[in-house]
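From first to last, the protein sequence lines stand for chains A and B. Under the numbering used here, the final residue of the first sequence carries the number 254; numbering is consecutive throughout. Under the numbering used here, the final residue of the second sequence carries the number 273; numbering is consecutive throughout.
There may be inaccurate statements among the hints.
Said to hold, decoys possible - Lysine to any residue pairs mimicking SDA-like chemistry, simulated, CA-CA at most 20 Å apart:
id	chain 1	residue 1	chain 2	residue 2
1	A	Lys134	B	His86
2	A	Lys134	B	Gly91
3	A	Lys134	B	Val191
4	A	Lys233	A	Ile81
5	A	Lys134	B	Pro80
6	A	Lys204	A	Lys246
7	A	Lys134	B	Glu261
8	A	Lys134	B	Ala190
9	A	Lys140	B	Asp186
10	A	Lys134	B	Glu192
11	A	Lys204	A	Thr55
12	A	Lys233	B	Glu108
13	A	Lys134	B	Glu206
14	A	Lys142	B	Asp186
15	A	Lys246	A	Arg225
16	A	Lys233	A	Asn65
17	A	Lys142	B	Pro80
18	A	Lys233	A	Ile244
19	A	Lys134	B	His78
20	A	Lys100	A	Thr55
21	A	Lys134	B	Ser241
22	A	Lys100	B	Glu261
23	A	Lys140	B	Glu192
24	A	Lys100	B	Ala232
25	A	Lys100	B	Gly260
26	A	Lys204	A	Asp222
27	A	Lys233	A	Gly36
28	A	Lys100	A	Asp113
29	A	Lys134	A	Glu154
30	A	Lys142	A	Leu161
31	A	Lys142	B	His78
32	A	Lys134	B	Gly260
33	A	Lys134	B	Thr189
34	A	Lys233	A	Gly49
35	A	Lys233	A	Gly66
36	A	Lys134	B	Asp186
Claimed, not checked - Stretch-level coverage of chain A by chain B, calculated; a stretch enters the list once three of its residues show a Cβ under 8 Å from a Cβ in chain B:
id	segment
37	45-57
38	111-122
Quick caveat, the hints were computed from the structure, so don't treat them as lab data. Ideal placement from N, C-alpha and C gives every residue a C-beta, glycine not left out.
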Amino acid sequence: MIELSGVRHRYQDREVLGGIDLRLTERRIGVVGLNGSGKSTFARLLNGLLIPSAGTVTVDGLDTRRDGPKVRRRVGFVFQDPDVQIVMPTVAEDVAFGLRGLPKPEVNAKVKAALAEYGLSGYEDHAAHLLSGGQKQMLAMASITVLNPSTIVFDEPTTLLDLRNRQRIADRIKTMPQDAIVISHDLDLLADFDRVLVIHEGKIVADCLPEAAIEKYVAIAETT
Amino acid sequence: MLGLHHPGHSPLHRSPAGVKLLTLLAVSTVVFFLEDLRILAGGLLLAGSLYAVAGIPWRTAVRQSTAVVPVTLLFMAAQWVLVSWHAAAAIGLRIAVVVLLANLVTLTTPTSDMITAVERALGPLRRFGLRPERVGLAIALTIRFVPVIAEQARLVRQAQRARGVRFSLAFLTPLLVRTLRMADGLGEALDARGWESSAQ
Ligand SMILES: Nc1ncnc2c1ncn2[C@@H]1O[C@H](COP(=O)(O)OP(=O)(O)OP(=O)(O)O)[C@@H](O)[C@H]1O
Ligand SMILES: [Mg+2]
Numbered sequence: 031m032i033e034l035s036g037v038r039h040r041y042q043d044r045e046v047l048g049g050i051d052l053r054l055t056e057r058r059i060g061v062v063g064l065n066g067s068g069k070s071t072f073a074r075l076l077n078g079l080l081i082p083s084a085g086t087v088t089v090d091g092l093d094t095r096r097d098g099p100k101v102r103r104r105v106g107f108v109f110q111d112p113d114v115q116i117v118m119p120t121v122a123e124d125v126a127f128g129l130r131g132l133p134k135p136e137v138n139a140k141v142k143a144a145l146a147e148y149g150l151s152g153y154e155d156h157a158a159h160l161l162s163g164g165q166k167q168m169l170a171m172a173s174i175t176v177l178n179p180s181t182i183v184f185d186e187p188t189t190l191l192d193l194r195n196r197q198r199i200a201d202r203i204k205t206m207p208q209d210a211i212v213i214s215h216d217l218d219l220l221a222d223f224d225r226v227l228v229i230h231e232g233k234i235v236a237d238c239l240p241e242a243a244i245e246k247y248v249a250i251a252e253t254t
Numbered sequence: 074m075l076g077l078h079h080p081g082h083s084p085l086h087r088s089p090a091g092v093k094l095l096t097l098l099a100v101s102t103v104v105f106f107l108e109d110l111r112i113l114a115g116g117l118l119l120a121g122s123l124y125a126v127a128g129i130p131w132r133t134a135v136r137q138s139t140a141v142v143p144v145t146l147l148f149m150a151a152q153w154v155l156v157s158w159h160a161a162a163a164i165g166l167r168i169a170v171v172v173l174l175a176n177l178v179t180l181t182t183p184t185s186d187m188i189t190a191v192e193r194a195l196g197p198l199r200r201f202g203l204r205p206e207r208v209g210l211a212i213a214l215t216i217r218f219v220p221v222i223a224e225q226a227r228l229v230r231q232a233q234r235a236r237g238v239r240f241s242l243a244f245l246t247p248l249l250v251r252t253l254r255m256a257d258g259l260g261e262a263l264d265a266r267g268w269e270s271s272a273q
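Isolated chain A, as found in the complex (with noise of 0.2 Å):
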């Protein structure tokens, strides 16, 4: 469970959250809001990328400011842009690079269940930076999955996605047993989650089910 208590953020002196006070415990929770809102600052903090200025945020009672890398093994964080995530030359070295230290026919094992989780059999000793963007963002999270987090964040994991990949990435983030905290502008993608956070000048202005959260981002979206 992921807690934020009197949460603020600001970079250098403009405040960028205010406020927030939260317990994140369903299953698949999305996150809304306009440009510059400060929804990917909000998601940075769950897993202690950012520290908030004021205010804790812990996951299973772990303070991101004491125990960040702790924190990090819970919950693990897929980012917009799949070519900055990608750390090791060729998918299967990619996926393996989180389990450094265990043995061998483990890490193999295990790289291998992934790949096939993520439709990437076969495609262990291809290049990454040669996948077509929807399957970097697969590898992308059959590296996080690996690492075997409670939670996965995902920053608009579909932003820069086809129509089919969109679509698969939106498959496995509903069928994956992890939770997840999905932000998005991809509406549709947030239709069946169990609740939607609408943050707006970083407040968060709704929490509620998707249909009203939509309603109420939608609202915000044609008066601003």
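Keeping the supplied structure of chain A fixed, place chain B with the ligands upon it in accordance with the hints.
Frame of chain A, contents of chain B with the ligands only:
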């Protein structure tokens, strides 16, 4: 020389990465003291036949090696003008032998094995504060990102040509911005992939 692994099961593929790297180092050193053109030509032939042993198609071999041709020709021309045709031929053959063998090692060894071998070799330097894992990571990232940055450079050049700029050093600015932004994102991604925990 930043070619990728060409998977296979030949004896060359199965030899340990450390052995291959050390052999490469030794052979390269010896080659640079050889003067006899017949011996060097023999070496070239031998290096070429090792590709057959490894089962690597000649096309892959050629593709991997063409990048160094211009520089080699430049060296040869300089030697010819300054020393003799014999020196030019010798330097050409030496470079060819070493490049072919180096590429052969890259083609028959997964990057991760190569990195593990380097990390192990650097292990004793840990006492002096060196972190072999970091060196290994740096090598992996270099191999991974050289083609990506080359691609970025191509895109930036294209965008400029589309706007009617023929060639301008100004293309370095957007390339630098993109590269730095990528480095920033990459640092974050490494954090998210739990790198810090394995490096400590
Ligand atoms: N590293 C930074 N330094 C300074 N200001 C920043 C930084 N990152 C974000 N900001 C600012 O904080 C505000 C919120 O940014 P954030 O990236 O969280 O928005 P977002 O909701 O994710 O937007 P988008 O939909 O465009 O991705 C923006 O005004 C942005 O300019
Ligand atoms: Mg964002």
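Verification of the hints:
The suggested pairing of Lys134/A with His86/B holds, with an alpha-carbon distance near 17 Å, which does not exceed 20 Å. Between Lys134/A and Gly91/B, the direct Cα distance comes to roughly 17 Å. Compliance with the 20 Å bound is thereby established for this hinted pair. Of the supplied pair hints, the one linking Lys134/A and Val191/B holds, its CA atoms being roughly 18 Å apart against a limit of 20 Å. Straight-line distance between C-alpha atoms of Lys233/A and Ile81/A comes to about 17 Å, which keeps the hinted pair within the 20 Å bound.
Only pairs whose Cα atoms come within 20 Å are accepted, and Lys134/A paired with Pro80/B is accepted, the gap being roughly 18 Å. Proposed proximity of Lys204/A and Lys246/A is contradicted: the alpha carbons are some 24 Å apart, above 20 Å. For the proposed pair Lys134/A and Glu261/B, the alpha carbon gap of about 27 Å is over 20 Å, so the pair is violated. Simply put, Lys134/A and Ala190/B have alpha-carbon atoms about 15 Å apart, close enough for the 20 Å limit, and the pair holds.
Simply put, Lys140/A and Asp186/B have alpha-carbon atoms about 18 Å apart, close enough for the 20 Å limit, and the pair holds. In summary, the hint linking Lys134/A to Glu192/B is supported, as the alpha carbons are separated by about 16 Å, within the 20 Å threshold. With a C-alpha separation of about 16 Å, the suggested pair Lys204/A and Thr55/A falls inside the 20 Å cut-off, and the hint holds. Pair hint Lys233/A plus Glu108/B does not hold up; C-alpha atoms about 75 Å apart against a cutoff of 20 Å.
Pair hint Lys134/A plus Glu206/B holds up; C-alpha atoms about 17 Å apart against a cutoff of 20 Å. Between Lys142/A and Asp186/B, the direct Cα distance comes to roughly 18 Å. Compliance with the 20 Å bound is thereby established for this hinted pair. Of the supplied pair hints, the one linking Lys246/A and Arg225/A holds, its CA atoms being roughly 14 Å apart against a limit of 20 Å. Of the supplied pair hints, the one linking Lys233/A and Asn65/A holds, its CA atoms being roughly 14 Å apart against a limit of 20 Å.
Distance check on the hinted pair: Lys142/A and Pro80/B sit about 16 Å apart at the alpha-carbon level, within 20 Å; holds. A distance of roughly 16 Å separates the Cα atoms of Lys233/A and Ile244/A; the hinted pair therefore holds under the 20 Å criterion. The hinted pair formed by Lys134/A and His78/B meets the criterion: a straight-line CA distance of about 19 Å does not exceed 20 Å. Between Lys100/A and Thr55/A the alpha-carbon distance is near 19 Å, which keeps this suggested pair within the 20 Å criterion.
Distance check on the hinted pair: Lys134/A and Ser241/B sit about 49 Å apart at the alpha-carbon level, beyond 20 Å; violated. Of the supplied pair hints, the one linking Lys100/A and Glu261/B holds, its CA atoms being roughly 16 Å apart against a limit of 20 Å. Using a Cα cut-off of 20 Å, the hinted pair Lys140/A and Glu192/B is violated, with the two alpha carbons roughly 23 Å apart. For a cut-off of 20 Å, the pair hint linking Lys100/A to Ala232/B is broken: about 43 Å separates their Cα positions.
For the given pair, Lys100/A sits about 18 Å from Gly260/B by alpha-carbon distance, which is consistent with the 20 Å threshold. A C-alpha spacing of about 9 Å is found between Lys204/A and Asp222/A, which places the hinted pair at or below 20 Å, so the restraint holds. For the proposed pair Lys233/A and Gly36/A, the alpha carbon gap of about 12 Å is at most 20 Å, so the pair holds. The straight-line distance between the Cα atoms of Lys100/A and Asp113/A is roughly 25 Å, outside the 20 Å bound, and the hint therefore fails.
This hinted pair checks out: Lys134/A and Glu154/A have alpha carbons roughly 15 Å apart, not beyond 20 Å. For the suggested pair Lys142/A and Leu161/A, the alpha carbons sit about 18 Å apart, so the restraint of at most 20 Å is met. A hinted pair counts as satisfied when its Cα atoms are at most 20 Å apart, and Lys142/A with His78/B qualifies at roughly 18 Å. Taking the CA atoms of Lys134/A and Gly260/B, the gap is near 26 Å; set against the 20 Å cutoff, the hint is violated.
Simply put, Lys134/A and Thr189/B have alpha-carbon atoms about 12 Å apart, close enough for the 20 Å limit, and the pair holds. Using a Cα cut-off of 20 Å, the hinted pair Lys233/A and Gly49/A holds, with the two alpha carbons roughly 7 Å apart. Of the supplied pair hints, the one linking Lys233/A and Gly66/A holds, its CA atoms being roughly 12 Å apart against a limit of 20 Å. Taken as a hint, the Lys134/A and Asp186/B pair is honoured in the structure, with Cα atoms around 11 Å apart against an allowance of 20 Å.
Restraint check on the segment 45-57 of chain A versus chain B: 0 residues with Cβ-Cβ distances below 8 Å, three needed, restraint violated. Only residues whose beta carbon comes within less than 8 Å of a beta carbon in chain B count, and the segment 111-122 of chain A has 9; three or more means the coverage holds.
In terms of the numbered hints stated before, the structure departs from hints 6, 7, 12, 21, 23, 24, 28, 32 and 37, listed from lowest to highest.
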